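I would like the entire structure built from these sequences, with the hints used as guidance.
Protein chains in written order, with our numbering: chain A, 107 to 501; chain B, 107 to 501.
Hints in this document: simulated from the structure, not taken from any laboratory. Nothing here was measured: the structure is a model prediction, and the numbers come from that model. We treat Cβ as the ideally placed atom computed from N, Cα and C, and that holds for glycine. Hints may be right or wrong, so weigh each one.
[What the hints assert, rightly or not] Here are the computed lysine-lysine pairs in the DSSO-like style, where the Cα-Cα straight-line distance is at most 30 Å:
| hint | chain 1 | residue 1 | chain 2 | residue 2 |
| --- | --- | --- | --- | --- |
| 1 | B | K286 | B | K175 |
| 2 | B | K184 | B | K249 |
| 3 | A | K189 | A | K249 |
| 4 | A | K249 | B | K264 |
| 5 | B | K437 | A | K144 |
| 6 | A | K264 | B | K189 |
| 7 | A | K286 | A | K368 |
| 8 | B | K249 | B | K501 |
| 9 | B | K175 | A | K175 |
| 10 | B | K184 | B | K437 |
| 11 | B | K322 | B | K437 |
| 12 | A | K175 | A | K189 |
| 13 | A | K286 | A | K437 |
| 14 | B | K322 | B | K264 |
| 15 | B | K286 | A | K175 |
| 16 | A | K264 | B | K175 |
| 17 | A | K480 | A | K249 |
| 18 | A | K322 | A | K501 |
| 19 | A | K322 | A | K435 |
| 20 | B | K144 | B | K184 |
| 21 | A | K467 | A | K433 |
| 22 | A | K368 | A | K437 |
| 23 | B | K480 | A | K189 |
| 24 | A | K368 | B | K249 |
| 25 | A | K433 | A | K465 |
| 26 | A | K184 | B | K189 |
| 27 | B | K175 | A | K184 |
| 28 | A | K175 | B | K249 |
| 29 | B | K264 | B | K249 |
| 30 | B | K184 | A | K189 |
| 31 | A | K189 | B | K189 |
| 32 | B | K264 | A | K322 |
| 33 | A | K286 | B | K286 |
| 34 | A | K264 | B | K368 |
| 35 | A | K249 | B | K368 |
[What the hints assert, rightly or not] Sample of chain B residues at the chain A side, in silico, Cβ under 10 Å:
| hint | residue |
| --- | --- |
| 36 | A170 |
| 37 | W195 |
| 38 | T196 |
| 39 | V218 |
| 40 | D220 |
There are 2 protein chains.
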Amino acid sequence: MKKTNCLLLLMLICSMAIAQSAGNISDPNKQPVSDGYKPSSVNQPGKEYPQVNAEGRVRVQISAPEALKVQLDIGAVKYDLVKDENGVWTGESAPQDEGFHYYQLNIDGASVPDPGSLYFYGASRWGSGIEIPATDQDFYALKNLPHGQVREHTYFSKVNNSMRRCFIYTPPGYDQDLQKRYPVLYLQHGGGEDETGWSCQGHANLIMDNLIAEGKSLPFIIVMDNGTWRMPEQARPRQGERPAGPWPPEGWADGFMNTLLKDIIPMIDAEYRTLADPQHRAMAGLSMGGMQTRVITLAHPEMFSHVGMFSGGSISMEDVDKSPAFKEKVKLVFISYGSRELENPRRGPWGDPAENTQKLKEAGMNTHFYVSPKTAHEWQSWRRGLYQFAPLLFK
Amino acid sequence: MKKTNCLLLLMLICSMAIAQSAGNISDPNKQPVSDGYKPSSVNQPGKEYPQVNAEGRVRVQISAPEALKVQLDIGAVKYDLVKDENGVWTGESAPQDEGFHYYQLNIDGASVPDPGSLYFYGASRWGSGIEIPATDQDFYALKNLPHGQVREHTYFSKVNNSMRRCFIYTPPGYDQDLQKRYPVLYLQHGGGEDETGWSCQGHANLIMDNLIAEGKSLPFIIVMDNGTWRMPEQARPRQGERPAGPWPPEGWADGFMNTLLKDIIPMIDAEYRTLADPQHRAMAGLSMGGMQTRVITLAHPEMFSHVGMFSGGSISMEDVDKSPAFKEKVKLVFISYGSRELENPRRGPWGDPAENTQKLKEAGMNTHFYVSPKTAHEWQSWRRGLYQFAPLLFK
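Here you go:
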């Protein structure tokens, strides 16, 4: 036993105090570094790198004594690292926008996660993430106030004939007043992400806990499921080619729409204390999830009364003309983008989102258009989108 | 908008159908490879590598065109990979025991996670894991039957003056019969692991769902918190030295004991529908968590009636003599090990676990001793430990 116990206890010596993958419970022992770089708030417990400075530059460091070339790959740019006499590579990026960014390291041609960071699912992989402190980060900070829960919910989907899982946010007090029933927001991730995105990267739970504690939002349930859409093999364009026909193709959102309408909503209404009517049911999503929200709520306006799309297109008058019940039944249309997404004229299959939203308002709908300052197609835009959207819901 | 949408939708093309980090929802499209190697069940969605064959060998593959040396680091052995003409490195390990193993890749001296695997917290880092299919894997398989939930629970700890989180397993039916109250098992991870271990690597939730569905276990709540213990800086032995004085040092478990007794248990009894008495309260843990269970239940036998230690020592007659209330009040002592841990005589600070457990039985206590066949100090031993332990609880 001695040998095992020693091994074991030497492991204990290395073990670090709590510091967690929610990314919000920071290690108070982390010390700022002399030149203003500090460990990222989403580092693994006890890891000194990656670091961030006040300009938003990212500094990474990794020991790779025999490597020929090591790079930091962030924001679609690769930055060369420099090796010291001990074989430790260090390097910095240009300033990054506030908020969360995915990144990877490249070691002699291999793209790998940074062993210092926590990992997040995005860009169709589990990989590294970093947090550039934002001026408004207080709205998603972990505070000592009543917290809701995020529940991993496993279920059988008849539509897909398979087991699936979703995450359910139940607001503070859900387990105390067992008579109370709640509205529900169905909240979808983007392409290449999954059902973990809105709580891990998006901090949807903390945003809601803070809004509810301040009396700015009503408490409601949030359902975060997996809306991943994969194009049928035969329809996929070859690399570098443009897809043939309309894009996205007709019917692309049908799979998730069926799962949502036939499996997820009935299950949630059966197993949670919901207000199970369209007046108390919202759908929103980011990027691909916003596009799904558009298709699904236009096709089924009898199911939803509040609609949100974050960096995922907008609703046009043409859409509404084709779905008259949408105009009649939907009480709120919320559209948001990051400001950097709007820097170039944005005219695509669904038109300019600001113009579209203004026209809906002029036609008598309750619309809101929000622009997140100085952010792009990234999580800080979507956190802010939810923060603006939630207080408008179910009122 | 066009540019963004195209980028976005090309990402969608890459996105894979659901396949999840719980590690149990496998992608039905994964095809076996010709020489008997198949993708690991805990691969990232759509990733073909790492793979496992019937002998339990692990095959990894990574593109690293400019690398000089790439190794697979598993089971404390490093295996060289071989580079092909495209710069893709491939290699295999010796056969591994059934069950879950942590591993890393080594690229020109850098120890990094494999970009193909899901990631797990162990060895004091988030890193790669692989699953060697086990002959008895059915007991932790994801099945179409009633499932409990795993809830992320955030709370303020007065003892630590900080925010913490734990995971709570609530059994199937918890949200249906709102009058029913449940016993509670406090279940601890090992050194270098955290509160995610028992559900992510251990599949405690699936083990319970399956046992409950088969009528083999009563339903109960499981609380999985973070028991990480860090030795005070001044007391740490230097690398390579043996610790001075008794090991582990007196009082090493006091920190978590205080958190458990003063914060966690009162919170759980206040916020969940528990049977809040010692007859319906159990504590168990693996490795370091077993050692904590020993110290805490011997010090507070008035709090717990059922005790489990998986690869984490045992309870001796000397222990019981010093804590007479333990013998009087504790209704079950369960001790387990992996068979490979017992291959060498195991006599350490707490004596031989089989002998100790036998002596307690002879002294009139209800004890169980279980040995997991052909496994070492690894998760398969602990999954099996929980599977044997749970049916004995609260009966």
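Results of checking the hints against the structure:
{"no.": "1", "hint": "K286(B) <-> K175(B)", "in the structure": "violated (59 Å)"}
{"no.": "2", "hint": "K184(B) <-> K249(B)", "in the structure": "violated (36 Å)"}
{"no.": "3", "hint": "K189(A) <-> K249(A)", "in the structure": "violated (40 Å)"}
{"no.": "4", "hint": "K249(A) <-> K264(B)", "in the structure": "holds (14 Å)"}
{"no.": "5", "hint": "K437(B) <-> K144(A)", "in the structure": "violated (51 Å)"}
{"no.": "6", "hint": "K264(A) <-> K189(B)", "in the structure": "violated (45 Å)"}
{"no.": "7", "hint": "K286(A) <-> K368(A)", "in the structure": "holds (25 Å)"}
{"no.": "8", "hint": "K249(B) <-> K501(B)", "in the structure": "holds (26 Å)"}
{"no.": "9", "hint": "K175(B) <-> K175(A)", "in the structure": "holds (13 Å)"}
{"no.": "10", "hint": "K184(B) <-> K437(B)", "in the structure": "violated (45 Å)"}
{"no.": "11", "hint": "K322(B) <-> K437(B)", "in the structure": "holds (19 Å)"}
{"no.": "12", "hint": "K175(A) <-> K189(A)", "in the structure": "holds (9 Å)"}
{"no.": "13", "hint": "K286(A) <-> K437(A)", "in the structure": "holds (23 Å)"}
{"no.": "14", "hint": "K322(B) <-> K264(B)", "in the structure": "violated (38 Å)"}
{"no.": "15", "hint": "K286(B) <-> K175(A)", "in the structure": "violated (61 Å)"}
{"no.": "16", "hint": "K264(A) <-> K175(B)", "in the structure": "violated (48 Å)"}
{"no.": "17", "hint": "K480(A) <-> K249(A)", "in the structure": "holds (26 Å)"}
{"no.": "18", "hint": "K322(A) <-> K501(A)", "in the structure": "holds (11 Å)"}
{"no.": "19", "hint": "K322(A) <-> K435(A)", "in the structure": "holds (25 Å)"}
{"no.": "20", "hint": "K144(B) <-> K184(B)", "in the structure": "holds (21 Å)"}
{"no.": "21", "hint": "K467(A) <-> K433(A)", "in the structure": "holds (11 Å)"}
{"no.": "22", "hint": "K368(A) <-> K437(A)", "in the structure": "holds (23 Å)"}
{"no.": "23", "hint": "K480(B) <-> K189(A)", "in the structure": "violated (44 Å)"}
{"no.": "24", "hint": "K368(A) <-> K249(B)", "in the structure": "holds (20 Å)"}
{"no.": "25", "hint": "K433(A) <-> K465(A)", "in the structure": "holds (12 Å)"}
{"no.": "26", "hint": "K184(A) <-> K189(B)", "in the structure": "holds (24 Å)"}
{"no.": "27", "hint": "K175(B) <-> K184(A)", "in the structure": "holds (22 Å)"}
{"no.": "28", "hint": "K175(A) <-> K249(B)", "in the structure": "violated (46 Å)"}
{"no.": "29", "hint": "K264(B) <-> K249(B)", "in the structure": "violated (40 Å)"}
{"no.": "30", "hint": "K184(B) <-> K189(A)", "in the structure": "holds (24 Å)"}
{"no.": "31", "hint": "K189(A) <-> K189(B)", "in the structure": "holds (24 Å)"}
{"no.": "32", "hint": "K264(B) <-> K322(A)", "in the structure": "holds (28 Å)"}
{"no.": "33", "hint": "K286(A) <-> K286(B)", "in the structure": "holds (18 Å)"}
{"no.": "34", "hint": "K264(A) <-> K368(B)", "in the structure": "violated (45 Å)"}
{"no.": "35", "hint": "K249(A) <-> K368(B)", "in the structure": "holds (20 Å)"}
{"no.": "36", "hint": "A170", "in the structure": "holds (4 Å)"}
{"no.": "37", "hint": "W195", "in the structure": "holds (8 Å)"}
{"no.": "38", "hint": "T196", "in the structure": "violated (13 Å)"}
{"no.": "39", "hint": "V218", "in the structure": "holds (4 Å)"}
{"no.": "40", "hint": "D220", "in the structure": "holds (8 Å)"}
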